[in-house]
Amino acid sequence: MDWKGRDVISVRDFSKEDIEFVLKVAERLEDELKNGPLDYAKGKILATLFFEPSTRTRLSFESAMHRLGGSVIGFSSASSTSVKKGESLADTIKTVEQYSDVIVIRHLMEGAARLAAEVAEIPVINAGDGSNQHPTQTLLDLYTIKRAFGRIDGLTIGLLGDLKYGRTVHSLAEALAFYDVELYLISPELLRMPKHIVEELREKIRIHETTDLEGTIPELDVLYVTRIQRERFPDEQEYLKVKGSYQVNCAVLKRAKESLRIMHPLPRVDEIHPEVDRTEHALYFRQVFSGVPVRMALLGLTLGVL
Amino acid sequence: MAELKVTAIREGTVIDHIPAGKGLKVIEILRLNRPNGGVLLLASNVHSGKLGRKDIVKIEGKFLSEEEVNKIALIAPTATVNIVRDYMVAEKFKVGIPDEITGILRCANPNCVSNHEYTVSKFYVVSREPLKVRCHYCERTMEEEEILGNL
Chain B
1 MDWKGRDVIS VRDFSKEDIE FVLKVAERLE DELKNGPLDY AKGKILATLF FEPSTRTRLS
61 FESAMHRLGG SVIGFSSASS TSVKKGESLA DTIKTVEQYS DVIVIRHLME GAARLAAEVA
121 EIPVINAGDG SNQHPTQTLL DLYTIKRAFG RIDGLTIGLL GDLKYGRTVH SLAEALAFYD
181 VELYLISPEL LRMPKHIVEE LREKIRIHET TDLEGTIPEL DVLYVTRIQR ERFPDEQEYL
241 KVKGSYQVNC AVLKRAKESL RIMHPLPRVD EIHPEVDRTE HALYFRQVFS GVPVRMALLG
301 LTLGVL
Chain U
1 MAELKVTAIR EGTVIDHIPA GKGLKVIEIL RLNRPNGGVL LLASNVHSGK LGRKDIVKIE
61 GKFLSEEEVN KIALIAPTAT VNIVRDYMVA EKFKVGIPDE ITGILRCANP NCVSNHEYTV
121 SKFYVVSREP LKVRCHYCER TMEEEEILGN L
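Same order as they appear, the protein sequences are chains B and U. Numbering-wise, our numbering puts 141 at position 141 of the first sequence, and it's gapless, one number per residue. Numbering-wise, our numbering puts 146 at position 146 of the second sequence, and it's gapless, one number per residue.
Note that these hints are calculated values from the structure, not bench results. Relax, there's no trap hidden among the hints.
Facing chain U, a subset of chain B residues (Cβ under 10 Å, in silico):
id: 1; residue: 10
id: 2; residue: 107
id: 3; residue: 116
id: 4; residue: 130
id: 5; residue: 132
id: 6; residue: 194
From a predicted model like this one, the values you see are computed outputs, not experimental measurements. We put the beta carbon where it would ideally sit given N, CA and C, even for glycine.
Generate the whole structure from the sequences, applying the supplied hints.
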């Protein structure tokens, strides 16, 4: 399996073996990190091109590169770049690749990372393209589940909230379809998972679509909660209809299995009450931590230094 | 004998059984109306035993490959292609939808990068019956109605 120079654009480009391999390397790196910083990527430069704001993903990539011994350049908003002067994405990529060894891109347009990868000679990693894909989030989600349960197969997983616009749940659902899982898609009618994804999932795993969180929660091993993302709604009225549809709190969790683990790609608004943070159910901060070893694995593998 | 209404060609390609009204779109997709192409003949709304009405396109002096002609399968799945040599049909085939559709279809997703940056559009055929294609860039699936609206 040759990862050197490989792009990481979509979960669709991965096989189950690819995913398992990345998770294994991440686990190894997490163990190695306990003995101090690493120097696998010494002398290598990561360019983080964040055309759209993001705190977690950008800092997580930067932390991962630093922990690998490499360094980071980049920007966190398109307004401070030549894009504002009308430069094409392709030209920006061709320029930045002269300064770096690997590119991480976050862009508001779907397919932007794919285009960047076609243009660049160096590896490109997708850190989110519009409402399409967020493959590194998916890998860290899978890693978190695997670390918490020791397995992914055999679990019953609920995806809750904005399943229409939420790219994290699109990618995660597609990746979970590689495993022997049962999936509950829980959302308001207006925010159901896109039809074409549901059809694809149905061919591979058992899925149920529902609006009922309380009735479903006793079945679940993992509840993956997402924010209803105001910024992705084309119509504010549509957002107001579904705003605050679900809140996971201790009352709702009374019906859950003791072993239920709650995940969230963060940031959250009001969909998980802070009182849940103190319970054994909360896995979302551990999930944030998982981003570092998983992104270290991806950076190291695509750079060819691991 | 509707074909006799337009001149028979000595050498070239005849695309027959195009659904009525789609002939011009076929010409556009195959870029047959370029000035350096051969003589082009279009017969529209011709009586057809199979289709009721059909269009026929004849291109003189040009032999289109099966791959080239397959591009029209999205709008003219019933079309048949005849390669004519010395007034005789030397080869005949039905069009088929290729696995990849490049350069002729626009993505229906307004937020797809292919609608904003310079790219050659590319789609993968997910299903032929019913027709569904997936955009190479934004990965969104388009169904028949959207496909026809974005040709």
